[in-house]
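Single-letter residue listing:
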Amino acid sequence: MNPKEIIARRVAKEFKDGDVVNLGIGLPTMVADYVSEDIEILLQSENGFVGLGPAPEEHLVEKDLVNAGGQPVTIKAGGMFFDSAMSFSIIRGGHLDATVLGALQVDEKGNLANWMIPGKLVPGMGGAMDLVGGAKKVIVAMQHTAKGDHKIMKECNLPLTGRGKVSKIITEMGVMEITEKGLLLTEYNPEFTLEEIQEATEAQLIISESLSEMI
Amino acid sequence: MNPKEIIARRVAKEFKDGDVVNLGIGLPTMVADYVSEDIEILLQSENGFVGLGPAPEEHLVEKDLVNAGGQPVTIKAGGMFFDSAMSFSIIRGGHLDATVLGALQVDEKGNLANWMIPGKLVPGMGGAMDLVGGAKKVIVAMQHTAKGDHKIMKECNLPLTGRGKVSKIITEMGVMEITEKGLLLTEYNPEFTLEEIQEATEAQLIISESLSEMI
Amino acid sequence: MKKKITIDAAVNMIEDGMTLMIGGFMAVGSPHKLIDALLKSGKKDLTIICNDTGFVDQGVGKLVVNNQVKKVIASHIGTNKETGRQMNEGLLEVELVPQGTLAEQVRAGGAGLGGVLTPIGIGTPVEDGKEIIEVDGERYILAKAMKADIALIHGSVVDEKGNIFYNQSTRNFNPLMASAAEVVIVEAEKIVKSGELDPHLIATPGLFVSHIVEGAE
Amino acid sequence: MKKKITIDAAVNMIEDGMTLMIGGFMAVGSPHKLIDALLKSGKKDLTIICNDTGFVDQGVGKLVVNNQVKKVIASHIGTNKETGRQMNEGLLEVELVPQGTLAEQVRAGGAGLGGVLTPIGIGTPVEDGKEIIEVDGERYILAKAMKADIALIHGSVVDEKGNIFYNQSTRNFNPLMASAAEVVIVEAEKIVKSGELDPHLIATPGLFVSHIVEGAE
Numbered sequence: 001m002n003p004k005e006i007i008a009r010r011v012a013k014e015f016k017d018g019d020v021v022n023l024g025i026g027l028p029t030m031v032a033d034y035v036s037e038d039i040e041i042l043l044q045s046e047n048g049f050v051g052l053g054p055a056p057e058e059h060l061v062e063k064d065l066v067n068a069g070g071q072p073v074t075i076k077a078g079g080m081f082f083d084s085a086m087s088f089s090i091i092r093g094g095h096l097d098a099t100v101l102g103a104l105q106v107d108e109k110g111n112l113a114n115w116m117i118p119g120k121l122v123p124g125m126g127g128a129m130d131l132v133g134g135a136k137k138v139i140v141a142m143q144h145t146a147k148g149d150h151k152i153m154k155e156c157n158l159p160l161t162g163r164g165k166v167s168k169i170i171t172e173m174g175v176m177e178i179t180e181k182g183l184l185l186t187e188y189n190p191e192f193t194l195e196e197i198q199e200a201t202e203a204q205l206i207i208s209e210s211l212s213e214m215i
Numbered sequence: 001m002n003p004k005e006i007i008a009r010r011v012a013k014e015f016k017d018g019d020v021v022n023l024g025i026g027l028p029t030m031v032a033d034y035v036s037e038d039i040e041i042l043l044q045s046e047n048g049f050v051g052l053g054p055a056p057e058e059h060l061v062e063k064d065l066v067n068a069g070g071q072p073v074t075i076k077a078g079g080m081f082f083d084s085a086m087s088f089s090i091i092r093g094g095h096l097d098a099t100v101l102g103a104l105q106v107d108e109k110g111n112l113a114n115w116m117i118p119g120k121l122v123p124g125m126g127g128a129m130d131l132v133g134g135a136k137k138v139i140v141a142m143q144h145t146a147k148g149d150h151k152i153m154k155e156c157n158l159p160l161t162g163r164g165k166v167s168k169i170i171t172e173m174g175v176m177e178i179t180e181k182g183l184l185l186t187e188y189n190p191e192f193t194l195e196e197i198q199e200a201t202e203a204q205l206i207i208s209e210s211l212s213e214m215i
Numbered sequence: 001m002k003k004k005i006t007i008d009a010a011v012n013m014i015e016d017g018m019t020l021m022i023g024g025f026m027a028v029g030s031p032h033k034l035i036d037a038l039l040k041s042g043k044k045d046l047t048i049i050c051n052d053t054g055f056v057d058q059g060v061g062k063l064v065v066n067n068q069v070k071k072v073i074a075s076h077i078g079t080n081k082e083t084g085r086q087m088n089e090g091l092l093e094v095e096l097v098p099q100g101t102l103a104e105q106v107r108a109g110g111a112g113l114g115g116v117l118t119p120i121g122i123g124t125p126v127e128d129g130k131e132i133i134e135v136d137g138e139r140y141i142l143a144k145a146m147k148a149d150i151a152l153i154h155g156s157v158v159d160e161k162g163n164i165f166y167n168q169s170t171r172n173f174n175p176l177m178a179s180a181a182e183v184v185i186v187e188a189e190k191i192v193k194s195g196e197l198d199p200h201l202i203a204t205p206g207l208f209v210s211h212i213v214e215g216a217e
Numbered sequence: 001m002k003k004k005i006t007i008d009a010a011v012n013m014i015e016d017g018m019t020l021m022i023g024g025f026m027a028v029g030s031p032h033k034l035i036d037a038l039l040k041s042g043k044k045d046l047t048i049i050c051n052d053t054g055f056v057d058q059g060v061g062k063l064v065v066n067n068q069v070k071k072v073i074a075s076h077i078g079t080n081k082e083t084g085r086q087m088n089e090g091l092l093e094v095e096l097v098p099q100g101t102l103a104e105q106v107r108a109g110g111a112g113l114g115g116v117l118t119p120i121g122i123g124t125p126v127e128d129g130k131e132i133i134e135v136d137g138e139r140y141i142l143a144k145a146m147k148a149d150i151a152l153i154h155g156s157v158v159d160e161k162g163n164i165f166y167n168q169s170t171r172n173f174n175p176l177m178a179s180a181a182e183v184v185i186v187e188a189e190k191i192v193k194s195g196e197l198d199p200h201l202i203a204t205p206g207l208f209v210s211h212i213v214e215g216a217e
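Chains as they are written, first to last, in my numbering: chain A, 1 to 215; chain B, 1 to 215; chain C, 1 to 217; chain D, 1 to 217.
Among the hints, erroneous ones may be present.
What the hints assert, rightly or not - Here are the computed lysine-lysine pairs in the DSSO-like style, where the Cα-Cα straight-line distance is at most 30 Å:
(1) A:K136 / C:K40
(2) D:K147 / C:K130
(3) A:K136 / C:K147
Just so you know, these hints were derived from the structure itself, not from any lab.
Start from the sequences, fold in the hints, and give me the full structure.
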């Protein structure tokens, strides 16, 4: 498995039957493919529906049915359509069990930066601030470093998307929880040593007493 | 015609084709029966629809289709249903051309009191404050006095429903507009003398230069 | 995921002193069976958020008549003389709110907003004791978000996942309340399988709904 | 009451310097024909309120590429590199707003509210320059209501009175914008007679809609 697959596979284990989840664009979208068949999760798409299903075969594409990335998708039985106000009432109102998002930086206090690099890249926050602020559980899913540069920081120095909202960070190297004491490494990928993982992380890792291999 | 019929008939002439109107409970509801067949107005019902039609014959009553007074009604072609938030977005957002309401008191400054008599009658404002605050034109339709007691005041002494929002008062005695200079009598019912109308009105009437009989 | 439960199980979740939102407008689109079961249960000291207190023998009003209510937050109580009587005798606290403001407060509770700024009620007794916020020279009342422990709502057709279709004028406050309570119990006139409702006709997503009970025909 | 007008007549209502709301999400559910006609008209110095600036060759983005836009208020501009370039070169003012806040601001404009209090953006650069209101110990950003001179929206099926049904994910900002502009022009994929739409399926009442133009298939 490549790093992205490792991450998506592991994130998928965070959910339980019936969870309502919003998956960000990019890597987080891949998570849907790894959810166990024993459970059913309900995917919310912030452009206006719940019950997001996989991409259709080409001849079944409907021009009006796309995900928040603009890609053709399907809607599952039991889904429904709504407008942007309702969509964000669901998100902001605490009705999502979890959201999975990428990050430019995330830090040991649970701060997240993923919407701009001043003077360089300013795509905008889209729905990310609402997702980070509203979901019960915010999971950051990303490669551990940006080609070697730290992304898991003591303190983010990029403009924040949300302050103190991240619950968990899942990378190809391991799983880290944001705790009051700091960043707790609870699982690691045995392809890496703990030293390598720490080196790839600016924040100081606290090693969990029940540390295990990534499930 | 009895006084209520005179009032309802005259109020109906306030509308033009395409107007969106909310009629209050009681006398204002009667107005619908007098709208000219040459024009079509769209009635809004604050419990959740537009396109309010007349009461159905008894065997056609639908238990789920009632007006804001809880009475069985119909919906016309081109109407739609919505929730209370949308209903009051329409009302508060300035999307009603007119509302017609009764009053306990109304005054020469356009203040309206129709939701409580302290210590005696406290039915609540229902949707009246929103209607008075939101409609482009607020028409008070009522009998000129309460069994001889003044209702058209220099200044309301009952708790207000809205401040300075009333455009026009229509009674069985005449039609009065709220102007910056005061209460302008523009039409009168020739069954009454101007003296009788003034006597039935606490506020000082200004007689319009183009005063005419009630149309 | 959504479980159908009995009316008794539903009412057992309600505790003395809780805050309930109850859907309906003049007892149309109200969860009548749940109200009747709550009546029988004798639960008391309830705070009820509702559009109106219905009638003495219909809708939320029955709970008032049965002395189960400590406080009512509503826009209209005039059709139930018992609400007025208990209020005047100091037995019942009543907070009257303009109907549109009440709708926004419940919606804000469900939408994770702190509140909304409304011009309605400015210059009337409604602004007494409220925070006034000026925006671009206009004065607005800060209407705070409302939430409840439990919402009891009515649905015309409900699927197994809790998705709700409201027929005609039964919608009113039901979808707003469905978003704003910890536990949401819908009384369904008819229950259908998941997928049987057109996804464009659903006004309340099942994800808001905790439990479904079978209602009247 | 509602009149079908030509695309040209619609675009003629737009004046240089006006504020427009334009519906759609990543160019899905956008009024494409109206955008194309506006492109051809050369109207300029526009302020555009929209979810995103689409792509250089699709949706609102085309107007940016054609230098007709003075200011954009949106939640996302990342899929249109021209928006970013013009912003960085100081040719275009861009105000970025969290998507849910933008939705509420447009809704508030249509609903006659002064604004809403949102917790989203607290502790981020979004709160800079905004009024902060504390409610029960929590800090909220005051997000003011937004209105526009003209809204250009898309409807899947529109009846003669302007009632709109939005198919699938084309709904997005369209119904919100339909409530919040002085003049509302809907581009209809299909126009039907009054009464042909199920009144439960209509998401925008015709009373919000000023004009209907015929859109693409």
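Outcome of the hint check:
1. A:K136 / C:K40: violated (36 Å)
2. D:K147 / C:K130: holds (26 Å)
3. A:K136 / C:K147: Status holds; Cα separation ~17 Å.
Of the numbered hints listed earlier, the single one contradicted by the structure is hint 1.
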